[in-house]
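Student: Position chain W against the provided structure of chain U, taking the given hints into account.
So the sequence lines, in the order shown, correspond to chains U and W.
Counting in this note's numbering, the first sequence runs from 1 upward without gaps.
Counting in this note's numbering, the second sequence runs from 1 upward without gaps.
The reader is advised that the hints may include incorrect statements.
[What the hints assert, rightly or not] DMTMM-like, lysine to aspartate or glutamate: derived pairs with alpha carbons at most 20 Å apart:
no., chain 1, residue 1, chain 2, residue 2
1, U, 36, U, 88
2, U, 48, W, 17
3, U, 19, U, 101
4, W, 48, U, 43
5, U, 36, U, 118
6, W, 36, W, 101
7, U, 19, U, 32
8, W, 48, U, 2
9, U, 48, W, 2
10, U, 48, U, 22
11, U, 48, U, 17
12, W, 48, U, 40
13, W, 48, W, 2
14, W, 19, W, 72
15, U, 48, W, 43
16, U, 36, U, 98
17, U, 36, U, 85
18, W, 19, W, 32
[As the list claims (entries may be wrong)] Ranges of calculated distance between the beta carbons of each label pair, as one might list FRET restraints:
no., chain 1, residue 1, chain 2, residue 2, range
19, W, 43, U, 72, 20 to 28 Å
20, U, 2, W, 124, 21 to 29 Å
21, U, 101, W, 98, 17 to 25 Å
22, W, 103, U, 101, 43 to 51 Å
23, U, 49, W, 35, 16 to 24 Å
Quick caveat, the hints were computed from the structure, so don't treat them as lab data.
Values in this document were obtained by computation on a predicted structure and should not be read as measured data.
Quick reminder that beta carbons are idealized off the backbone N, C-alpha and C, glycines included.
Number of protein chains: 2
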Amino acid sequence: MDTMGRHVIAELWDCNEGKLNDMSYIEQVFVDAALKAGAEVREVAFHKFAPHGVSGVVIISESHLTIHSFPEHGYASIDVYTCGDRIDPNVAAHFIVEALEAGRNETVEVPRGMGPVEVEQSRAL
Amino acid sequence: MDTMGRHVIAELWDCNEGKLNDMSYIEQVFVDAALKAGAEVREVAFHKFAPHGVSGVVIISESHLTIHSFPEHGYASIDVYTCGDRIDPNVAAHFIVEALEAGRNETVEVPRGMGPVEVEQSRAL
Numbered sequence: 001m002d003t004m005g006r007h008v009i010a011e012l013w014d015c016n017e018g019k020l021n022d023m024s025y026i027e028q029v030f031v032d033a034a035l036k037a038g039a040e041v042r043e044v045a046f047h048k049f050a051p052h053g054v055s056g057v058v059i060i061s062e063s064h065l066t067i068h069s070f071p072e073h074g075y076a077s078i079d080v081y082t083c084g085d086r087i088d089p090n091v092a093a094h095f096i097v098e099a100l101e102a103g104r105n106e107t108v109e110v111p112r113g114m115g116p117v118e119v120e121q122s123r124a125l
Numbered sequence: 001m002d003t004m005g006r007h008v009i010a011e012l013w014d015c016n017e018g019k020l021n022d023m024s025y026i027e028q029v030f031v032d033a034a035l036k037a038g039a040e041v042r043e044v045a046f047h048k049f050a051p052h053g054v055s056g057v058v059i060i061s062e063s064h065l066t067i068h069s070f071p072e073h074g075y076a077s078i079d080v081y082t083c084g085d086r087i088d089p090n091v092a093a094h095f096i097v098e099a100l101e102a103g104r105n106e107t108v109e110v111p112r113g114m115g116p117v118e119v120e121q122s123r124a125l
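The following block holds chain U by itself, in its conformation from the complex:
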């Protein structure tokens, strides 16, 4: 089905706090993650909050990647959503987990565009 997509929701904990507060670094990581998964980057929008935290999105032809970081808690909330079956969103998510040096992560994959939303148990990448 053309509407089919895969949406990886990842909760990253015990990350490198300096990297979680570095907007330029995060933006580069997210663009690289998209490219590494084989996605085509269309729009990039990031925002730095005071005193800390970064939010941002990379819109790809195949959907999006987002982050909200909480450096003070070592936490980042990540979404990688890819439409179609050409790209594996876990490739991008795993790249991000490594780049932010997450000590642990909890991840679920949500099928999109297929009917009722059904979600498996969370796991680590």
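Tutor: For chain W alone, kept in the frame of chain U given last:
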């Protein structure tokens, strides 16, 4: 917990196909949805695909709203993610469902920033 968030995932079907392909309209709907929920808009990025379809994001101080539309299938994939407990993401999601004239929707709310990701059964807004 400061990292606490609520992430509404909504699958909208049988939408108004003309509206699903109208980027300006969708952008306005998403900004209005964010404001209606009481959020503060920080960044707006939308992209129109050829021959059809719109992807976009509104980054708010409290996280984000995203859409990917498939006019040819009357389908839109929506995410409304709000951090904290001040804002109800369902208010924005419901506004979007109405504005896109979705005949039906399937929605789940995912708790974020709280530990393992656990998801309830999907429901209609």
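Student: Each hint: holds or not?
Tutor: Hints, one by one, checked against the model:
1. U:36 / U:88: holds, 10 Å
2. U:48 / W:17: Given that 20 Å is the threshold and the Cα spacing comes to 36 Å, the pair is violated.
3. U:19 / U:101: holds, 9 Å
4. W:48 / U:43: holds, 11 Å
5. U:36 / U:118: With Cα atoms ~27 Å apart, residue 36 (chain U) and residue 118 (chain U) exceed 20 Å; violated.
6. W:36 / W:101: Distance ~18 Å between residue 36 (chain W) and residue 101 (chain W) Cα, so the pair holds.
7. U:19 / U:32: Judged against 20 Å, a Cα distance of about 15 Å means the pair holds.
8. W:48 / U:2: holds, 17 Å
9. U:48 / W:2: Holds, at roughly 17 Å.
10. U:48 / U:22: Between residue 48 (chain U) and residue 22 (chain U) the Cα gap is close to 8 Å, so the pair holds against 20 Å.
11. U:48 / U:17: holds, 14 Å
12. W:48 / U:40: holds, 14 Å
13. W:48 / W:2: Violated - the C-alpha atoms of residue 2 (chain W) and residue 48 (chain W) are around 35 Å apart, more than 20 Å.
14. W:19 / W:72: holds, 11 Å
15. U:48 / W:43: holds, 11 Å
16. U:36 / U:98: Judged against 20 Å, a Cα distance of about 13 Å means the pair holds.
17. U:36 / U:85: Holds, at about 16 Å.
18. W:19 / W:32: holds, 15 Å
19. W:43 / U:72: 20 to 28 Å: holds, 22 Å
20. U:2 / W:124: 21 to 29 Å: holds, 23 Å
21. U:101 / W:98: 17 to 25 Å: Check failed, 43 Å falls outside 17 to 25 Å.
22. W:103 / U:101: 43 to 51 Å: Given about 45 Å between the Cβ atoms, the range holds.
23. U:49 / W:35: 16 to 24 Å: Roughly 19 Å apart at Cβ, these two residues keep to the hinted range, so it holds.
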